[in-house]
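Visitor: Keeping their order, the protein sequence lines are chains A and B.
Each residue of the first sequence is one higher than the one before, starting from 1 at the first, in my numbering.
Each residue of the second sequence is one higher than the one before, starting from 1 at the first, in my numbering.
It is worth saying that the hints were derived from the structure and are not from the lab.
Don't take each hint at face value.
Quick look at which bits of chain B chain A covers, simulated, 3 or more residues with Cβ under 8 Å [what the hints assert, rightly or not]:
(1) 14-21
(2) 77-89
(3) 147-160
(4) 285-291
(5) 297-305
Positions of the beta carbon are idealized from the N, C-alpha and C atoms, including for glycine.
Each chain, written out:
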Amino acid sequence: MKGLLTILRRSPRAAFGVGLLAALLLLALLAPLLTPYSPTSQAFGTWLKPGGEHLLGTTALGQDIWSQLVYGARLTLLIGFTAGLVATAIGTALGLSAAYFGGRTDEAINVLINVFLVLPGLPLLIIASAFLRGGGVWSIILVIALTGWAWGARVLRSQALALRNRDFVQAAIVSGERPARIIFAEMLPNLAGLIAAGFFSTALYAVLSEAALAFLGMGDVSQVTWGTMMYWAQARGALLQGAWWWVAAPGLCIALLGTAFALVNFGIDEVTNPRVIHEARATRVLRRNRAAPQAEPALEPPQPLLAIRHLSAGYVTPQGPVRAVRDVTLSVAPGEFLGLAGESGCGKSTLAFAATRLLDAPGVVFDGEARLAGQDLLALNPAELRRVRWKDYSLVFQASMNILNPVLRIREQVYDAMQAHGVQDRGRLEARARELFALVGIREDYLNAYPHQLSGGMKQRVVIAIALALEPKLVVMDEPTTALDVVVQRQILQEIDAVRKRLGISIVFITHDLSLLVEMSDRIAIMYAGEVVEEAPAHELYAQPKHPYTRRLMGAFPPLEGPRERREGIPGRPPSLAQDIPYCPFFERCPNHLPGTCDVFKPARVEVTSGHSVACFLHSPAVKEEAYAAD
Amino acid sequence: MPYLLRKFLILLLTLWVAVTLNFILPRLVPGDPVGAMIARYQGKLDPSAVDALKLAYGLNDQGGLLGQYFAYLGKLLRGDFGRSIGQFPTPVSEIIAQAAPWTIGLIGVCTVLAVVLGSALGLYSAWRRGQPLADALPPLALFLNSMPYFWFALLLLYLLAFKSSVFPLSGGLDPFLTPHSPTWWVSLLRHATLPALTIIVTSAGGWLITMRNNVMGVMSEDYIAFARAKGLSEGRILNRYVLRNALLPSFTAFGMALGFVVGGSILTETVFSYPGLGLQLYNAVTNLDYPLMQAIFLYIALAVLIANFVVDALYALLDPRVRDGKAA
Numbered sequence: 001m002k003g004l005l006t007i008l009r010r011s012p013r014a015a016f017g018v019g020l021l022a023a024l025l026l027l028a029l030l031a032p033l034l035t036p037y038s039p040t041s042q043a044f045g046t047w048l049k050p051g052g053e054h055l056l057g058t059t060a061l062g063q064d065i066w067s068q069l070v071y072g073a074r075l076t077l078l079i080g081f082t083a084g085l086v087a088t089a090i091g092t093a094l095g096l097s098a099a100y101f102g103g104r105t106d107e108a109i110n111v112l113i114n115v116f117l118v119l120p121g122l123p124l125l126i127i128a129s130a131f132l133r134g135g136g137v138w139s140i141i142l143v144i145a146l147t148g149w150a151w152g153a154r155v156l157r158s159q160a161l162a163l164r165n166r167d168f169v170q171a172a173i174v175s176g177e178r179p180a181r182i183i184f185a186e187m188l189p190n191l192a193g194l195i196a197a198g199f200f201s202t203a204l205y206a207v208l209s210e211a212a213l214a215f216l217g218m219g220d221v222s223q224v225t226w227g228t229m230m231y232w233a234q235a236r237g238a239l240l241q242g243a244w245w246w247v248a249a250p251g252l253c254i255a256l257l258g259t260a261f262a263l264v265n266f267g268i269d270e271v272t273n274p275r276v277i278h279e280a281r282a283t284r285v286l287r288r289n290r291a292a293p294q295a296e297p298a299l300e301p302p303q304p305l306l307a308i309r310h311l312s313a314g315y316v317t318p319q320g321p322v323r324a325v326r327d328v329t330l331s332v333a334p335g336e337f338l339g340l341a342g343e344s345g346c347g348k349s350t351l352a353f354a355a356t357r358l359l360d361a362p363g364v365v366f367d368g369e370a371r372l373a374g375q376d377l378l379a380l381n382p383a384e385l386r387r388v389r390w391k392d393y394s395l396v397f398q399a400s401m402n403i404l405n406p407v408l409r410i411r412e413q414v415y416d417a418m419q420a421h422g423v424q425d426r427g428r429l430e431a432r433a434r435e436l437f438a439l440v441g442i443r444e445d446y447l448n449a450y451p452h453q454l455s456g457g458m459k460q461r462v463v464i465a466i467a468l469a470l471e472p473k474l475v476v477m478d479e480p481t482t483a484l485d486v487v488v489q490r491q492i493l494q495e496i497d498a499v500r501k502r503l504g505i506s507i508v509f510i511t512h513d514l515s516l517l518v519e520m521s522d523r524i525a526i527m528y529a530g531e532v533v534e535e536a537p538a539h540e541l542y543a544q545p546k547h548p549y550t551r552r553l554m555g556a557f558p559p560l561e562g563p564r565e566r567r568e569g570i571p572g573r574p575p576s577l578a579q580d581i582p583y584c585p586f587f588e589r590c591p592n593h594l595p596g597t598c599d600v601f602k603p604a605r606v607e608v609t610s611g612h613s614v615a616c617f618l619h620s621p622a623v624k625e626e627a628y629a630a631d
Numbered sequence: 001m002p003y004l005l006r007k008f009l010i011l012l013l014t015l016w017v018a019v020t021l022n023f024i025l026p027r028l029v030p031g032d033p034v035g036a037m038i039a040r041y042q043g044k045l046d047p048s049a050v051d052a053l054k055l056a057y058g059l060n061d062q063g064g065l066l067g068q069y070f071a072y073l074g075k076l077l078r079g080d081f082g083r084s085i086g087q088f089p090t091p092v093s094e095i096i097a098q099a100a101p102w103t104i105g106l107i108g109v110c111t112v113l114a115v116v117l118g119s120a121l122g123l124y125s126a127w128r129r130g131q132p133l134a135d136a137l138p139p140l141a142l143f144l145n146s147m148p149y150f151w152f153a154l155l156l157l158y159l160l161a162f163k164s165s166v167f168p169l170s171g172g173l174d175p176f177l178t179p180h181s182p183t184w185w186v187s188l189l190r191h192a193t194l195p196a197l198t199i200i201v202t203s204a205g206g207w208l209i210t211m212r213n214n215v216m217g218v219m220s221e222d223y224i225a226f227a228r229a230k231g232l233s234e235g236r237i238l239n240r241y242v243l244r245n246a247l248l249p250s251f252t253a254f255g256m257a258l259g260f261v262v263g264g265s266i267l268t269e270t271v272f273s274y275p276g277l278g279l280q281l282y283n284a285v286t287n288l289d290y291p292l293m294q295a296i297f298l299y300i301a302l303a304v305l306i307a308n309f310v311v312d313a314l315y316a317l318l319d320p321r322v323r324d325g326k327a328a
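Looking at chain A on its own, in the form it has when it is part of the complex (with noise of 0.2 Å):
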């Protein structure tokens, strides 16, 4: 019930799909009080013209078109509904127990969806009704559900194998729960969306389908349904009489009622199946105009080759702004390392994407600029951004297993980065790539390959690869190893270390593995809750922590790799980033917090040793003026 408030307030459009569906229902339901004969009685005139005492006019035997309208709407949507729900009750029991059982029982049922699926079934459905004639609707309805479950049960089959495989359901099933209970309790709720979505489409093909039987006199025509209606209308000749509105009246109703359950279809599917879209434009910039914004005096030399100054950035979402990213500075020098880390959702990986413009929407960029080389990122319009893109700087997103085109060989991913910025030219594009592959360990004659074709590792090699095709100042990395095994990963490290090395370029690299980057960096930048409480040299990080949440980050962390789970070590939760937090942002979980001070005044990060600043009470007593506050 909560769930289906959701879709109705989120999605307009399943808003106004009920709407109509309701309409549509009251229509049946009320009945007699919106008319006052009987769909079935011949007492007046024939072929009397809409208007008057019909409303619709009468049909060729003196029955009043719109009481067989709403009398009609009755068993309309009963044979929808009723063969809807036998329908889907069929293909979810299919559908989950192929799921569950898995195996032959799950290869039998595939193949016998895959059979029902491909039978036509509207030329089915005539055959076994033109048998079966004389078995008055509920055999009309039976025969449509038979044919009409494999859609659904195919849809629910391959979600709920997924669904098998997640946790809770593994773990149910090996605390030893009944079968029955695993599908019911654990799956069922879980496909509730998917379940409904299908309801709604057999109920659409039942009503068709069963208008399609009437309109060929296959249904019992003595019966009032929109498609019987239509039927007479036809066998009477209704549009050679001019009578347009005895055949337009109920298939219209038929239309709408299959829009309604589509647009609830669809409605559900917006809502249950929300997608980060990725689009063709750059993040939105909201920030506001400033004077004079390069009237600030140059940094301390040398001058960094990126500089992130005041960034605010997060996402819009219905409940309001969310700002993952709050008023960050940082700089990157020519060839430094820099470590950024934090637990997840700091927004460590927000900053990377906004700093770069690509966070897409709800993404936005509230505030703030991002100079590359003394360009604002921030400014650039889509064309301009399009052109500096992987030329000035890349990026190394997280080896997903779809990071590269599935449909693509690799040496057309790997062409196609050059080609955008203007190398054109078959033997240098060749040549290069023989060299990108050679620098990150791969065999050349993958380029020839697809990426379904290789592992893990080296999906991720190739990305690096890409990354570093036209030899870009920056290179930024958002967790590039964290899904691969510890081994693999290692050796790519030594590589891309290596590499940068050789090219002299920027790595900004963002990890939650606080080890790993004592190991590699020029610098750490620590983050939480969206702000950046700690910067400093990656040796005195590692020696002299200050902020007590670095500390506790250490001290989660074990020297070495270890399993995932353990850096669960600091107990509380960060703040919600939906609201101004104008306290220090680690207190409530701050072991030696200042009581009056630390829940009361922001602290403002200071330099306290060189190049180690810190925001904390504890070092410093500076405290942070809001002067970017959220507008």
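Following the hints, complete the assembly by docking chain B onto the known chain A.
Guide: Chain B alone, transformed into the frame defined by chain A:
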């Protein structure tokens, strides 16, 4: 198992199911099917037609059900579908041979057109999300796709053939024309326009929604984010990254929707009295011409299955993963 072999085995299995359903359905009628039919014809049936019926159902040999079943399978393999009752004594296969080209021509061409048009609009609707026209397309498509085929056909017929005689009221050709002459072609196209319009308008909406969903799914994949980060041009992302991947699930959807489209098209034929299989099926149903009815069903099932198989083969060409047997 190689992908195509697996698909072929499923095709054979489906065909067998269709054939067997065809065998079982008449036997579900209470009593002797032939007796029931004779009763329905109330003595108007030619005695030789009765014999033909018995022959068609294998009821003449007194073997058990299994014997009848194998006799039936044997006859099918020899292409012997029996004789039509409604148009006695024409063999059913002859009627089908005459009607099939009309249906294949009409439905084949229209389905291809509808797929191309619907998919193009679906791609546009997803790619330009947020623009008024692109956002108005899906609800419109849902409405068009929910219309009963025959209803839209009737309205077109009323408006464009009956009210204003832009197009002919029925049939597939004007009589007495020299085949393949210019006037013959014009007549052919004029007769096909309204049925074609019906099929395209009512089915393109479904393809639009399918394609839109696929494109949205693809646009949420990581490789699109990566392609964007690479600074590729919009055209290249759209063509090589979005479209190439979004087309793949459309192929699967195509196979599933084909049966439905064919079913709808049959109704369209009856409205326009278009001389194809749909009209023959309708006539067979109204005349209780069971042998013809069943043969048409088998023929349509076979055609849909073959079309499906061709689509599966194309899928394998487009998706390297399927070629390597990694995913289906």
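Visitor: Determine for every hint whether it applies to the structure shown.
Guide: Hints versus structure:
no., hint, verdict
1, 14-21, "holds (count 4)"
2, 77-89, "violated (count 0)"
3, 147-160, "holds (count 10)"
4, 285-291, "holds (count 4)"
5, 297-305, "holds (count 5)"
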